[in-house]
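Bring the two chains, given one by one in their own frames, into a single complex with the hints.
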Amino acid sequence: MNKKNPILSVKNLNIGYPNKLIANNISLSIHKKELIAVIGINGAGKSTFLKTITGDLPKKSGEIKIQNQALQQLSSKEIAAYISVVFSNAVFSQNLSVYEVVALGRNPYTNWLGLLNEEDKKAVQQALRLIEIEDLANKKCNQLSDGQLQKVFIARALAQETDIIVLDEPTNHLDLYHKAFVFKLLKKLSQKTEKAIIFATHELNLALQLCDKIILINNEKAVIDSPENLIKSKILQQLFPSDLIQFDELTKSFKVNTDF
Amino acid sequence: MNLRNKLIYFLLGGLILLLFFLINISLGSVSISFSETLKSLLGQPIENQSNAYIIKNYRFPKALTSILTGSGLAVSGLMMQTLFRNPLAGPYVLGLSSGASLGVALVIMGSGVLFGFSSLVFSSWNIIIAASLGSFLVMLAVISASFRMKNTMGILIIGIMFAALTGAIVNILSYFSPSEELQKYVFWSFGSLGNLSAQELSILFLCWTIGLILCLFSLKSLNALLLGENYAKSMGIQLKKNRFLVIISTCILAGSITAFAGPIAFVGLAVPHLIRLIIPTSNHLVLMPAVLIAGATLMLICDTIAQLPGSELTLPINAVTSIFGAPIVIWLILRKRKLVF
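If you read the protein sequences in the order shown, they are chains C and F.
Its first residue numbered 24, the first sequence is counted upward by one per residue in the numbering used here.
Its first residue numbered 185, the second sequence is counted upward by one per residue in the numbering used here.
Simulated from the structure, these hints should not be mistaken for lab results.
Hints may contain errors.
[Unchecked claim] When the alpha-carbon atoms are kept at most 25 Å apart in a straight line, the in silico DSS-like pairs for lysine-lysine are as follows: (1) C:K56 to C:K88; (2) C:K88 to C:K100; (3) C:K74 to C:K56; (4) C:K210 to C:K74; (5) F:K334 to C:K144; (6) C:K244 to C:K275; (7) F:K334 to C:K74; (8) C:K145 to F:K190; (9) C:K74 to F:K424; (10) C:K43 to F:K334; (11) F:K424 to C:K100; (12) C:K162 to F:K425; (13) C:K83 to F:K424; (14) F:K520 to C:K162; (15) F:K190 to C:K100; (16) F:K520 to C:K82; (17) C:K163 to F:K190; (18) C:K210 to C:K275; (19) C:K56 to C:K83; (20) C:K74 to F:K425; (21) C:K82 to F:K425; (22) C:K82 to F:K424; (23) C:K163 to F:K520; (24) F:K334 to C:K83; (25) C:K100 to F:K334; (26) C:K144 to C:K162.
[To be verified] Per the computed footprint, the stretches of chain C lying under chain F, defined by three or more beta-carbons under 8 Å from a beta-carbon of chain F, are: (27) 112 to 119; (28) 129 to 136; (29) 210 to 221.
These numbers were taken from a predicted model, which means no experiment stands behind them.
Ideal Cβ positions, reconstructed from N, Cα and C, are used throughout, including at glycine.
If we strip away everything but chain F, and leave its shape as in the complex, we get (with noise of 0.2 Å):
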């Protein structure tokens, strides 16, 4: 593939992610017309004033969390795929995720577990907080021990057992919980991509452009890694400070996007897999751009299905990830007959 080709190949892509944007923004319980979006989203007023608002309060700020957590999430994945050489890894093996349902679980069910007395009024603000104070420490307690590890393996298990002993701590308060509690901790590990304000959104879009940042100057090291460490250490790449970069991106990004919209699992293992399936290429700097793009448009569309066009009802984003995700690699990897990883 030339360049020119690529060029194309991107610009389509781009215009399928603005489609998707679109057709999400205008479904929903309500349905708006498209070119009603359109004006709106351009700043012309429209007639119907409920439309405007709508769309400027709740879904085009929906719709951007949505290209946020996808392609953030999406990009992560691929970097711990390629730096764990494991076509089973994501975003969530240094235990992000099970490090922010900790900090969680801690608060909407350990209050009452632990003091003897709940409070079921949470601010938004303390669920993010204790998600990433959570995901934070665990993410520590990984690096820590990544800087003692001379093989990169031995970390994703850290990692594992990390998710394990946070599980174990909270199936241990589910256990105590009333049903309240525990359904609103459910709830929140469903994840969502709505009730984000302004400046939540601000802050993640900050988060994600700092991880996209970090991970544009890991794209050589990942691409010589592709050989494995001995000889990305034999061409000069530096293994600890490169491993480092991959990991601080990685927990900038999916740190963030857990903190703000839940544990969402599925996107950041299955995107790269669609993508290398599709594209057949390793080459990073192919691979994270198609990447950024079909995690943002995936999540557009799975979240325009969540929401039931034309209804009341909402599903939990968690699902639909995974129901409409998992046949389409299972589809693809049988048609292809092998993962070439």
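Chain C extracted, bound-state conformation (with noise of 0.2 Å):
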């Protein structure tokens, strides 16, 4: 991995709202092909995490950079050809045909009108196949799953061709098969597509078990590691409150503490 030229590095960086430091000091790297979880309690500043890298919340102070620009610097046009987000429960047309969602990710580099020419169709052809939905083309989205949306959405991502995608909570609602799905996908995605992948989760299990890196968020601080180093810092077992939940270094989950 050429750790030279990180896809998004992030220095100094203080987050939060004007009334409110969410967490402070931030300071990270993300190279592609990585796939990256932000785990954190509710509330820890997952979403205002990503939020801040994505342009879309200011930042208090620090430097954001991606590909060796300044955030503030870029477009918001600019910042779409390089980021891609996918958002947990949006509202949106449910008229629109999974092919038409897939190729709005095209809207930054299609003309004034936003008519898609062949590259921009064969870009939306090749998301679908990725992921594997090809058939569902020309279905209506009232007529999907909650499971397919999601795949739907991730397709509208990759189409839009940036170099990160980054999820908000993307198993959200989805049953457990769904889960380790999508987890499985994302993986399979950053390894394939050589994008880095950060996306925000509940699902600390999963993400132990296939994240390259983890990104937790808490006591406003937040950590950078493997999972295996994080597990060996020991910095898990400080999540949650051990007399409800432990971690448990064996099977590298938590564990509901059933003593009473």
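What follows is the structure, given as structure tokens:
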């Protein structure tokens, strides 16, 4: 992995809202082919962190660089060519077909009317093929299950052809099968497309098994490391009160404390 | 649907529009034959001089006004429904018609109530200027509010609040007004497609063209907005700039129409739904021209009915659009059992 050229680098970053600091002094860099989970308890600042690095929320201080360019100097259209996003529980027009949703991912590249050229159509087809939803292309979104919809929106992000894909809790509302499916899909995509994929999640056990790196946000601090190192550092044990949930190093998973 | 099919559909729609345009002109209190209508429109001399006069000075401008108002209101309704992600939105959610109503009410009834004298002589320009000024001021208030608002839904509520406010003032004015003035105001609020001079019609046409050009430039971002504001933003759409573009376009379209033809309510709300129920797409590149043609056609049909062919009477256009249009929309929704939005 080329450690020299991170796709995204963050230095001494403070995130939060005008009157509220969420986390401070975050420094990390993200490279291509990495699958990275952002974990932390509710309200720790996972979404705030993701919103800040996608330019949706102004940073409080510090530095964010995408491909060595300062984030605040990029226009929203330029950012859209570097980062695509998959939101959780977005309200959208159910009347759109799968193809139309994926094709909207070409938005940063299309002309003033938004018409698709041959290259755009190719990118859409390729995204559909990668996610294996070509047979759904002409279906309307209101005919799809939650799991299928999530695939469609991941395909849309792929069609945007960005170096980074950011997902906000992509396994929300999904059953265990689809949760594991989406995790594996993201892993496969990060390997195959060489993109950096960053996502917030509450599925700690799955994240520890599959991710290359984990960003742990806890008590206003953010740590980035591989799952193995995080387990060794015993930092995971501090995430939850131990009388309720404990981390079991042997099975590398969180367990409910059943002692009463 | 591929491109060729789309073109065929639009050609068909255009032909239907043309047909109703001719029917609209040939029917009225005096029935003029189809061939005479065609000849007259193509500039050829026809035998009956008075028919030629009626067509040139009365029916042709009225049919053109119908097309401009119907299409303009329907397109602004479509833009508002997508911008606010609300199926109940229409061209008047920004308070345009309430502003115009207030302006006109002040001119017709206000002088009597506020200053103790009443003048019943109003030129059509007085009304037009009052309506424009009224809708412009209310629009300005809503736009300045929209710059302070982070979410679009708030603008919707502000528009409704302005409508309630101006409606209340109009009510007070009506309460204290003598019956002739009240009747004159009520007649204005029914809407009217006739009575436009060539000069007025050309101003309306200019506003319509500018409004539609602005709309064309917002089609791409309207499509992106179908995925919600978050997605639109993540795809590089500048939300505030686009919102401003859509609002300005609607204000020019619906504002000018209201000034010249009065507050015509139903078309802007219903036609986009009508089209969405017929054509199963959300793509604005298809919806916009379809809504344009359908709005114009519907307005021509409604105006033809309002003339009550063969009789001297005419019905208020505002009533006809609703009486004729509402059952169609209800029937279509019931048939499909759900409204996909």
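Hint check:
| no. | hint | result |
| --- | --- | --- |
| 1 | C:K56 to C:K88 | holds, 18 Å |
| 2 | C:K88 to C:K100 | holds, 16 Å |
| 3 | C:K74 to C:K56 | holds, 21 Å |
| 4 | C:K210 to C:K74 | holds, 22 Å |
| 5 | F:K334 to C:K144 | violated, 34 Å |
| 6 | C:K244 to C:K275 | holds, 23 Å |
| 7 | F:K334 to C:K74 | holds, 16 Å |
| 8 | C:K145 to F:K190 | holds, 22 Å |
| 9 | C:K74 to F:K424 | holds, 18 Å |
| 10 | C:K43 to F:K334 | holds, 19 Å |
| 11 | F:K424 to C:K100 | holds, 14 Å |
| 12 | C:K162 to F:K425 | violated, 33 Å |
| 13 | C:K83 to F:K424 | holds, 22 Å |
| 14 | F:K520 to C:K162 | holds, 17 Å |
| 15 | F:K190 to C:K100 | violated, 31 Å |
| 16 | F:K520 to C:K82 | violated, 48 Å |
| 17 | C:K163 to F:K190 | holds, 19 Å |
| 18 | C:K210 to C:K275 | holds, 19 Å |
| 19 | C:K56 to C:K83 | violated, 29 Å |
| 20 | C:K74 to F:K425 | holds, 21 Å |
| 21 | C:K82 to F:K425 | holds, 22 Å |
| 22 | C:K82 to F:K424 | holds, 20 Å |
| 23 | C:K163 to F:K520 | holds, 15 Å |
| 24 | F:K334 to C:K83 | holds, 19 Å |
| 25 | C:K100 to F:K334 | holds, 20 Å |
| 26 | C:K144 to C:K162 | holds, 17 Å |
| 27 | 112 to 119 | holds (count 7) |
| 28 | 129 to 136 | holds (count 5) |
| 29 | 210 to 221 | violated (count 0) |
In summary, the structure is inconsistent with hints 5, 12, 15, 16, 19 and 29 from the numbered list given earlier, while agreeing with the others.
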